[in-house]
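Chemist: Chain residues, written in single-letter form:
2 protein chains.
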Amino acid sequence: MSDKTSEFSLHPPEAIAQALNQAHRIAVVTHVAPDGDAIGSCLGMVHLLRDMGKDAVPVCQDPVPYAVNWLPGIEDFRTRVPDDVDLVISIDLSSPDRMGTAYDPGTHSSIPLINIDHHVTNTGFGTVNWVEPRAVAACEMVYHLAQAFSYPISPQVATYVLTGLLTDTRGLRTSNVNVRVLRVATHLVELGAPIGKITELTFNRKPLSVIKLWALALQNLHVEPEGIIWTTITDEIRRAAGHEEKNDGGLVSFITSADTVYIGVVFTEEDGRVNVSMRSRPGYDVAQVAFALGGGGHPQAAGATIEGSLEDVQRRVITLLKDSLKQA
Amino acid sequence: MSDKTSEFSLHPPEAIAQALNQAHRIAVVTHVAPDGDAIGSCLGMVHLLRDMGKDAVPVCQDPVPYAVNWLPGIEDFRTRVPDDVDLVISIDLSSPDRMGTAYDPGTHSSIPLINIDHHVTNTGFGTVNWVEPRAVAACEMVYHLAQAFSYPISPQVATYVLTGLLTDTRGLRTSNVNVRVLRVATHLVELGAPIGKITELTFNRKPLSVIKLWALALQNLHVEPEGIIWTTITDEIRRAAGHEEKNDGGLVSFITSADTVYIGVVFTEEDGRVNVSMRSRPGYDVAQVAFALGGGGHPQAAGATIEGSLEDVQRRVITLLKDSLKQA
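Those protein sequence lines, which keep their order, are chains C and F. Position one of the first sequence corresponds to residue 1 (my numbering), numbered consecutively onward. Position one of the second sequence corresponds to residue 1 (my numbering), numbered consecutively onward.
It cannot be assumed that every hint is accurate.
Heads up, the list lumps identical chains together, so a pair's fine if it works in one copy or across two of them.
Capping the alpha-carbon separation at 30 Å, the derived lysine-lysine pairs in DSSO-like fashion look like this [to be verified]:
| hint | residue 1 | residue 2 |
| --- | --- | --- |
| 1 | K54 | K197 |
| 2 | K246 | K212 |
| 3 | K246 | K322 |
Hint data in this document are derived by calculation from the structure and do not stem from the laboratory.
When you get a sec, could you build the whole thing from the sequences and use the hints?
Modeler: What follows is the structure, given as structure tokens:
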């Protein structure tokens, strides 16, 4: 193919190599409320650049989440793009606002920006854009970028990149995992990524507060005859469990795994509003309801944060979901 | 190496190929209380043999478990080795008693037996033995056997084999997963195993009764200051949840993922006795306590079934575990 993208590799535009060659001091920024892929791709890119002799710094508005807080080098993160960089790379984000306060258009928009992302909704806001929705993770793009331009991948870079690849595919369990992705994962292990350590620390380790949170939240479990399963995390439950992070530790995925349901929902009280986190089994779509509620997401994982009392929000969302199931 | 086993392949003895060539009607038997690897390796071997023109039948004393009950061909299973076979292959089991009532030494011991297994404790009871503890699953041995003897692997055989490889490694998350295993998994996908479908049906799907079981059992959660987390599944809970299978749907692994504990235990009332299922974080050993209780297992996953009241068994096991942690 003319763009050198084969079935088993994805190829970045040559303009990225040119921009990287010319740059000396580079900020790599990822999105607010970062996940494992955001952190992995950001640190992977930073260390790839440092190994090339560049001065590179990782930037993220928000703290590194628990699942990947064992990665080396997370103490390097800054919360704002330094004003003296000569290149910004945004990674794993679809529009500039997703950088939050880390990127100030007034100050930073005169600096060249390389936009590297795998979201189909990317707005193409960079000086150079590489948007590749076929990539299962931003980390997969970091791998292909290094391969395409023959940048050596150290064991540390391989560790960052494999960690993000595994988190965004829930441990190679999402439906987009194919031979290309498996080859990338295998090569990263060959390059020195310790897959056993990564899976142990990222997937087999939870705060005790999550276990307690599940124990309490599962007491609120409801199963609707229409095929909807839902539960609630109140402020009181979060306090009693001692769980401070704004996530459910995978609870919504767990309840949605019930083989008699189509859709699962966790309602979480959050700063006086209600966070609605939805999952669906293959063939069912929760993104439409999320959009209707002013949120967003993918067909099988979507959500919104809504004003209103817990009871009102629950009634409204469950009604919308029942209607959407009737239409499906 | 002289036995042709390289870093990336495991090689069966030539005597297996000779025995398979001579046989016409073959029973492939796996162990009682089968898991995904038992079923996958058994069906994988059967269909490999059928594709070679042999008459082959899968045998298991007990029913196929929920996690892999979606596999095609499970209706072929017999509960006893037919008397008229001219070859028996035992797969994924370390001693003949693990076949239960499927294999009757009085009737069947005159029939040649090929013993294919990856347990280090295998007693070498076959006419021909291939015991390969480096294999992460019996299914991995079926793959290497087919590769070594150039038996074609159909998409259906690849599906069985990848399913067992994934279940025995908890989705490539165990510490023994290495480049060889990843290459095998990748090749099986190349050969037509639908990895997305396998992970969806095997890992992302549970009976609703498991969700309800967890909701009830987690109300009994105890955390000992010594780093032991434990809970209990009573007969009453199992009845209330409607959960008939004798397993906890992964509950013991879930509670043991708490990052402040070393050991997790689930006590389950079972036919008037108490089943003790234990897990440990890397570096801690529950096998010794399981042996002391008359059970068995691996350092990180072991168990026993004990006579006594729930309270007595709990007290005894927790005391033993606290002692073992003091010594560690």
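Chemist: Take the hints in turn and mark each one as holding or not.
Modeler: Here is how each hint holds up against the structure:
| no. | hint | in the structure |
| --- | --- | --- |
| 1 | K54 - K197 | within (29 Å within a copy, 43 Å between copies) |
| 2 | K246 - K212 | both (15 Å within a copy, 24 Å between copies) |
| 3 | K246 - K322 | within (27 Å within a copy, 34 Å between copies) |
The structure fails none of the hints (numbered hints given earlier).
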